[in-house]
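Taken in order, these protein sequences are the chains called A and B. All residue numbers for the first sequence refer to the numbering used here, where the first residue is 122 and numbers rise by one. All residue numbers for the second sequence refer to the numbering used here, where the first residue is -11 and numbers rise by one.
There may be inaccurate statements among the hints.
Below, in silico cross-link-like pairs of lysine to any residue (SDA-like), each with a Cα-Cα straight-line distance of 25 Å or less [stated by the list, open to error]:
(1) B:Lys(-5) - B:Lys415
(2) B:Lys(-5) - B:Asp20
(3) B:Lys415 - A:Arg135
(4) B:Lys421 - A:Met618
The set of hints was computed from the structure by calculation and includes no laboratory data. Note that the structure is predicted; figures quoted are calculated from it, not measured.
The lines below spell out each chain.
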Amino acid sequence: MNPVSLSVPRERLRTICIAGSGQVGVIAALALKRALPDAQVIVIGLADDPTAYADTASTALPFTNKLHDRLGLSEDELIRRAGASHRLITRYAGWAGEGADAVGAVPYGAPADTQARARFAREWGGGSRGALAAPGSRLPATSLPQVLAEAGRFAVPPGDMPTPLDEVDYALRWNSPAYRDILIERAQQAGVIYLPGPIQGHEPDGKGGIAAIGVDGQGPIAADLFVDCSGPAARLISAMPGAQWEDWGDVLPVRRILHARPGQAMLALEDRFTLTRQGWLMEQAGRDGLHMALGLAPQMGEQDAVQVMTQTLGAQPARLVEVAPGCHRESWLGNVVALGDAAAWFEPLAHLNLDLAHRQLALLLEMLPGLAIEPLERAEFNRRAHLMAVQVRDTLATHYAAPRARSIFGEAPLPEGLDRVIDQYTRRGRLPHREEAALLAAEYMALLDALGLPGAVPVSARATASAESAAALRAFEEQAQRALAFAPPYAQFMQQMLAAGAAPAPV
Amino acid sequence: MTEQGSKVRVVVLGGGTAGWMTAASLIRLLPDTASVDLIESEDIGIVGVGEATLPHIRGFVEKLGIDEAAFMKATHATFKLGIDFRDFGRIGESYIHPFGSFGEEVAGIGFHHYWLELQRQGRAAPLGDYSLAVAAARANRFAPPAQDHTLASTYGYAYQFDATLFGPFMREFACRHGVTRHEGLVVDVERDGASGDVAALLLADGRRIEGDLFVDCSGFRSLLLGQALGEEWEDWTHWLPCDRAAAMPCTHETQDIRPFTIATAMPAGWRWQIPLQHRMGNGYVFSSAHISEDEACAAIKAAAEGEPLAEPRILKFRPGRRKHSWSHNVVAVGLASGFLEPLESTSIYLAQMAITYLIELFPDQGGIDPRDVAEFNRLVDVEYDRVRDFLILHYNATTRDDSEFWNHVRTMQVPDTLADKLELWRKAARIEKYADGLFFDASWIAVYVGQGLLPERHDARVALADPVRVAGALERLRGAIAAEVAAMPGHLEYLRGEAGRLAPEDALAA
């Protein structure tokens, strides 16, 4: 008999070098240092790039809250020190039609009944397909997050006892520089080393990767793994042999985004994307001010956009960002892994930039290699990371696929596969499973509805007794009443949080 | 109300498991949209696939509004927690592939990495000890899983039932809900000259059954999709050489009823033992290229537990699938669409999956849309291909060199999709991840480890954890599982306790 040879742990990475000191680079450094405390983790500081949307984002999606938990970043601290606030829904106005009735709301999370239906769908059909997630029907016209957002009431559930708000998921927004300062502080405490850049070239390792990078005034910095968080410049990954940029320009029409100076501070439970004749308008509330940006339709002149911003919106233009959307076909080449804008660069529509960076970071942590990188683990990372990027592209393209949006942004072709998804939803009321999707099935269906691509009633739902629907609606109304009774006005909750913290005064 | 005349007229051909599952589902879930006629012949036997099932079947039963207890009683069903694979990786070794997980990930690193590390240090118990489903199965115990997030919720269950009773049960249910049954033999298929669609089926006695949509559940003959439409078959015999089964029911030999199926590797295939309430299902799945039918029958007679209740019966099959399961207005469900041998009890699942998709994509007003046909075929392909790779793994991951059959499957070239998965496991102890389809991480790990295919290396980070603490945590988990199992009733005891609900009179008599 052959002796069984036992599996041994892989040799650990000894040195990890992160190119880029924006909020993506620093959180990657913190996460990697926590994963491998005995490794040397070095961050190379690079100049801030205002076009790096993952780095400048002041909000993300609910996934980021889980990542923060894992890294020991408490929400209390983000509220006290980084001006954090909560977003329960995103409003879409003007996409599905004119007027208040056409304003759709995209809530986070999957409401309880949707979850139950999804679970049922899994048992019934195998796999987590969204198709049956909304049998019955379309999603209810209202959701708990929407009810709360409209009433301006919310509190983060304490977690140690059941409350009527337990099912409500949310995204955080924050003041980007203050958030990054907290990350830097944590990274320093964890022992991450900081070296100022810039980077001057690199020495190949002869295996399709990098042996060392040249850093001004520091000489060559050698490392086992390099993480490229250098923003759209993609300093390291784009220099690798085999680097391939996948251009999304044909399916995403927006190239220019005009950002306004932050307006007045604003506490709100919702943010908004409005379809205007000039393009899309983002309004993101923040305790540090209202952030506005205009994603310009292709035919829109810059001067006109500036005029709209100053006169119609009453805001001061701050900067015009030009983006060439796309992603690296493989974001891990040799021993270089790209995260954030270095991996995929696109407009800040739907708040996906930092979310994608964080999910790809989580994927890297899940698949953290040993000292010797296996080609197949790199391939599996690239397969999943690319699926994530493509799903983001498709979520963005969904916005431009809606009929009213097409009249503004033009008739861009749909990415391969998205036409099938939209066709199945609008014609059959089913959402095909999308592996590594950017949004949950319930969220994406709400988005499609809000954009003016409403779902059909599935053929199997036609038999659903109206009594059943009525009972479901009654149950929801009761649930909503309980939630409203429990949740304080959001401003009151925020004051309590700030008072309880006895926080150092915000700078 | 929709008028009768505007409903889509569905004709199901074949009264086996797939046929009656299809008819019952369509009439129950699309009552206002479809009318259902089913043609079956008493002269044609049924294969009666799948005495053992997967947990998905519970959703099927529930969705149709069938009471679980009534269902179990009618089909003499027992509970199933997984499959015990014996002699696959090496003669004398066995492992259970459970409907459940092994431990939990810690700090974002999968449980199996910690287990591999402890194993290296000589401190690990067998992997199955960290799975509640495995431990309960080994102890012949059963209790329904909890619905919370406790340890008692970390497993699922399926049924082992009498397939020859399942069909009639579904028939009675379907007919009660409005399916029209036609007894007769189909002698001709009438097709529309212009579209090529099937227009009607002609029966031997001259009856003509018209329809808008035809569901081919005629088994391997695939009378409509295969024969009438000539839809191409993709053959997978080179990867899955078993093409026959010798089935033989026996009496129960023991007073205990196992809450699991046994699959024992044999010189030219494997044999099943599926315990039902009233008898034991036995069968030898074999490759006719390696042994004769007579040899297989002799082998199953020699190996079977209990007294034979009948002579062995030979079933013939071909692993593979139609290139398209939906063509024109014909949809194939069950064996007419494809076949994967019952090693992982996937037959009924695959029929159920096709029915689910058919309902989601059921022709709406305006007839069949080619986009829905393409979507159906895409979905079915993904399911078949993923199951296929998982089955091939059971044969390929072996050290057996005691027969020509095992020499073949051990050394054959596997599909590239599987080769990559194997290599990823060997080099880095990682599992290719997807959220759709069947068989996720825990299943792959169960088979890899169970068949002695250990990786060379596991996650670097587990070496950072304090080995004493890790060992302690695993030991606590093992203890908690053992305590949980000790508190469960025996499987037979549970069935007897619930016999009033779950069993026909005397079936479980002491």
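Pairwise hint evaluation, methionine 618 (chain A) against lysine 421 (chain B), where the allowed Cα distance is 25 Å at most
This hinted pair is violated, its Cα atoms lying about 40 Å apart.
25 Å Cα cutoff - pair lysine -5 (chain B), lysine 415 (chain B):
Violated. Lysine -5 (chain B) to lysine 415 (chain B) sits at ~56 Å, over the 25 Å cutoff.
Straight-line alpha-carbon gap lysine -5 (chain B) to aspartate 20 (chain B), limit 25 Å
This hinted pair holds, its Cα atoms lying about 7 Å apart.
Does arginine 135 (chain A) sit within 25 Å of lysine 415 (chain B), going by the straight-line distance between their CA atoms?
holds, 20 Å
Hints 1, 4 from the list above are not met by this structure, while the remaining hints are.
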